[in-house]
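All chains, full assembly: derive it from the sequences and hints.
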Amino acid sequence: MSAAQVSVDRGRCIGAGMCALTAPEVFDQDEDDGRVLLLQTEPTAAHRAAARMAAGVCPSGAITLAEPESDGS
Amino acid sequence: MSESVHTVATLPTERQAGCPFDPPAELLDARRHGPISRCTHPGGKPGWLITGYDLVRSVLADPRFSSRKELMNVVDFELPPAPPGEFLLMDDPQHRRYRQPLAGKFTVRRMRLLTERIEQITADCLDAMEKTGPPTDLVTAFAKPIPTIVICELLGVPYEDRGSFQEQIDTFMGGATSDEELIAAYTATQEYLARLVAAKRANPTDDVLSELTDSDLTDEELKGISLILLAAGFDTTANMLSLGTFALLQNPGQLAALRADPAITDGAVEELLRYLSVAKTFMRTALEDVEVGGQTIEAGTTVVLSYNTANRDPERFADPHVLDLSRQDTGGHLAFSHGIHQCLGQQLARVEMRVAFRALLDRFPTLRLAVPAEEVGLRPETADIYGVKSLPVTWDREGA
Ligand code: SF4
Numbered sequence: 001m002s003a004a005q006v007s008v009d010r011g012r013c014i015g016a017g018m019c020a021l022t023a024p025e026v027f028d029q030d031e032d033d034g035r036v037l038l039l040q041t042e043p044t045a046a047h048r049a050a051a052r053m054a055a056g057v058c059p060s061g062a063i064t065l066a067e068p069e070s071d072g073s
Numbered sequence: 001m002s003e004s005v006h007t008v009a010t011l012p013t014e015r016q017a018g019c020p021f022d023p024p025a026e027l028l029d030a031r032r033h034g035p036i037s038r039c040t041h042p043g044g045k046p047g048w049l050i051t052g053y054d055l056v057r058s059v060l061a062d063p064r065f066s067s068r069k070e071l072m073n074v075v076d077f078e079l080p081p082a083p084p085g086e087f088l089l090m091d092d093p094q095h096r097r098y099r100q101p102l103a104g105k106f107t108v109r110r111m112r113l114l115t116e117r118i119e120q121i122t123a124d125c126l127d128a129m130e131k132t133g134p135p136t137d138l139v140t141a142f143a144k145p146i147p148t149i150v151i152c153e154l155l156g157v158p159y160e161d162r163g164s165f166q167e168q169i170d171t172f173m174g175g176a177t178s179d180e181e182l183i184a185a186y187t188a189t190q191e192y193l194a195r196l197v198a199a200k201r202a203n204p205t206d207d208v209l210s211e212l213t214d215s216d217l218t219d220e221e222l223k224g225i226s227l228i229l230l231a232a233g234f235d236t237t238a239n240m241l242s243l244g245t246f247a248l249l250q251n252p253g254q255l256a257a258l259r260a261d262p263a264i265t266d267g268a269v270e271e272l273l274r275y276l277s278v279a280k281t282f283m284r285t286a287l288e289d290v291e292v293g294g295q296t297i298e299a300g301t302t303v304v305l306s307y308n309t310a311n312r313d314p315e316r317f318a319d320p321h322v323l324d325l326s327r328q329d330t331g332g333h334l335a336f337s338h339g340i341h342q343c344l345g346q347q348l349a350r351v352e353m354r355v356a357f358r359a360l361l362d363r364f365p366t367l368r369l370a371v372p373a374e375e376v377g378l379r380p381e382t383a384d385i386y387g388v389k390s391l392p393v394t395w396d397r398e399g400a
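Taken in sequence, the protein lines are chains A and B. With the working numbering applied, the first sequence covers 1 to 73. With the working numbering applied, the second sequence covers 1 to 400.
No lab work stands behind these hints, which were simulated from the structure alone. Cβ atoms here follow ideal geometry from the backbone N, Cα and C, with glycine treated the same way. Just so you know, not all the hints are guaranteed correct.
[Stated by the list, open to error] To list a few chain A residues with every Cβ distance to chain B over 10 Å, as calculated:
1) Gln5
2) Glu42
3) Arg48
4) Ala66
5) Glu67
[Claimed, not checked] Some chain B residues close to chain A (C-beta under 7 Å, calculated; not the full set):
6) Gly104
7) His338
8) Gln347
This is how it looks when you write it as structure tokens:
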């Protein structure tokens with residue numbers, strides 16, 4: 001089974017920190033420019049929901065979550 | 001069909017009596033008709049009003065809508081472009097040039113590190129309240145000083161300047177009684193900030209402004225940035241603290257729940273942000289013809305985005321007009337906006353509110369209004385930031 005894959009586009013990120021607030025195990029912010037740092041590219045099951053929420057609330061659309069096909073699972 | 005579009009003749013200037021926490025009835029009514037309505041801007045120019053959550057969010061994320069001040073097509077004279085540093089009213093790449101170096105100063109982690117200091121500032125305010133009250137005005141004793149001191153420390157305003165500086169910004173952000181007074185206070189604040197920037201460049205101290213002198217930003221730009229930080233960081237938080245306390249006192253069941261369970265504080269702050277949305281409206285101008293919610297917004301037309309109505313959208317929030325501190329669906333509320341301009345200081349505001357509400361309730365278990373709720377003076381709808389003018393509160397002295 002493949003896990004959910006998170007990717008970030010630092011070019012879009014505005015450093016609002018919603019990701020680090022929502023899913024601190026998955027995202028952090030760069031100390032210099034506040035931009036997102038990815039701590040886990042494949043969040044463990046425990047952090048997947050938070051990562052999904054972070055992708056949803058990110059104001060600049062900088063976070064993408066590729067979920068494995070859920071059909072038949 | 002364009003004839004069927006709901007129209008709000010002029011944007012409402014008042015809220016309904018007895019409903020100080022709800023958006024004006026005309027706006028809620030507009031939302032009932034649909035997420036987008038026609039409206040007329042104060043200067044007589046035709047525009048659009050967006051009240052639906054999904055549409056507000058999509059416009060905020062759409063680069064075809066501009067924040068540039070000079071493009072705002074609402075009055076019958078031309079607006080000048082935003083002065084250097086005032087990136088709130090700019091588009092990328094100018095906006096990003098200012099925002100990026102600042103973003104690192106306002107990260108979740110850095111703001112959390114400030115928690116202890118904010119607890120101390122709050123405790124000092126509460127001590128002073130205990131000494132001089134009851135009763136007291138919660139606005140002057142609590143809601144204003146906490147964010148003001150915090151922002152003074154971030155900007156590194158020397159201690160001896162704080163008193164006069166606070167008075168100035170207080171006057172130019174809502175406390176002025178005449179235009180002359182307003183302009184004088186605004187000019188004085190500008191001049192003070194220019195001196196402050198020069199002082200920090202000459203003698204950097206341990207604060208955000210000094211750190212920013214170590215970038216390619218000019219003094220003029222740093223002055224503009226300081227003004228934005230001040231304007232955005234002070235009035236908003238102050239009004240959330242005072243109006244939020246008023247809302248809690250008017251919802252005793254919710255207040256009791258919050259008193260009983262500190263663990264719900266973080267969620268309670270998000271719900272108060274959603275429910276009150278003190279930064280009520282922002283504007284964007286279409287750079288090209290854009291279709292929004294089945295309507296064509298013509299290039300050059302300005303849309304008003306009603307954050308407070310969108311945050312009460314029944315299609316997004318269950319029972320939207322109910323203050324429910326344990327609500328689970330506040331994620332994605334628009335109180336701090338959305339898109340590239342989403343509030344830079346939101347993580348600071350969160351820490352301030354979490355600390356201050358908690359400490360206030362813990363310190364005064366019998367806190368209550370000192371006047372009937374109808375007598376609490378509210379800001380007019382024309383003010384940029386909504387809130388109370390003053391909030392007289394009282395409590396039982398311990399052992400009395
Ligand atoms: S929430 Fe989005 S914009 Fe904000 S820091 Fe994270 S990735 Fe960047």
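>> A cut-off of 10 Å on Cβ-Cβ distance, and A:Glu42 was said to be off the interface with chain B. Does that hold?
In response: At roughly 22 Å from the nearest Cβ of chain B, A:Glu42 sits farther out than 10 Å, so the non-interface label holds.
> Holds or violated: is the Cβ of A:Glu67 farther than 10 Å from all Cβ atoms of chain B?
Replying inline: A:Glu67 clear of chain B: closest Cβ-Cβ about 18 Å, beyond 10 Å.
> For A:Gln5, which was marked as not at the interface, is the minimum beta-carbon distance to chain B over 10 Å?
Replying inline: holds (22 Å)
>> Holds or violated: the hint that B:Gln347 contacts chain A, with Cβ atoms closer than 7 Å.
In response: holds (5 Å)
>> Interface hint check: B:Gly104, Cβ to nearest Cβ on chain A, cutoff 7 Å. Holds or violated?
In response: B:Gly104 check passes; min Cβ-Cβ to chain A is 4 Å, inside 7 Å.
> Closest CB-CB distance from A:Arg48 to chain B, is it above 10 Å?
Replying inline: Non-interface label stands for A:Arg48: nearest chain B Cβ at 15 Å, farther than 10 Å.
> Does the CB of B:His338 sit less than 7 Å away from some CB of chain A?
Replying inline: holds (5 Å)
> Looking at A:Ala66 again, its CB stays over 10 Å from all of chain B?
Replying inline: At roughly 20 Å from the nearest Cβ of chain B, A:Ala66 sits farther out than 10 Å, so the non-interface label holds.
Of the numbered hints listed earlier, not one is contradicted by the structure.
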